[in-house]
Amino acid sequence: IYLGNLQTCPSGSDFCMTDIIHGAGGSVQIFKRCVTEIECKDKWLHQSSDLDYCTDYGNVLGQGHYSCHFCCTEDGCNSKLVPQKSTWYTKS
1 IYLGNLQTCP SGSDFCMTDI IHGAGGSVQI FKRCVTEIEC KDKWLHQSSD
51 LDYCTDYGNV LGQGHYSCHF CCTEDGCNSK LVPQKSTWYT KS
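Take 1 as the starting number for the sequence shown in our numbering and just add one per residue.
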């Protein structure tokens, strides 16, 4: 579980990202950061948003090494492990 402090994102990086990276040996790394809209589109919309093991994270298990990148749009929306679906970035 991530226990960092809430931070204000700098201008231009107005979106919140949670990266969950599963290693082949079962290790899990979690990163929370501010990102640009371009990175939000790339990591979330193009790489993660259509994967069941990401969109239903915790209920659907992925196998081996995989990553899920969640991009959300409200202040503090990535304070939990997976942001609430209502805050997920949806523009295409």
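It is possible that some hints are incorrect.
[Stated by the list, open to error] With a straight-line cut-off of 25 Å between C-alpha atoms, the simulated DMTMM-like cross-links for lysine to aspartate or glutamate are:
hint, residue 1, residue 2
1, K32, D52
2, K85, E37
3, K85, E39
4, K91, D52
5, K91, D50
6, K41, D52
7, K32, D50
8, K85, D52
9, K32, D14
Since the hints were derived computationally from the structure, they do not count as laboratory data.
Can you give the numbers of the hints that this structure goes against, from lowest to highest?
Of the numbered hints, all hold.
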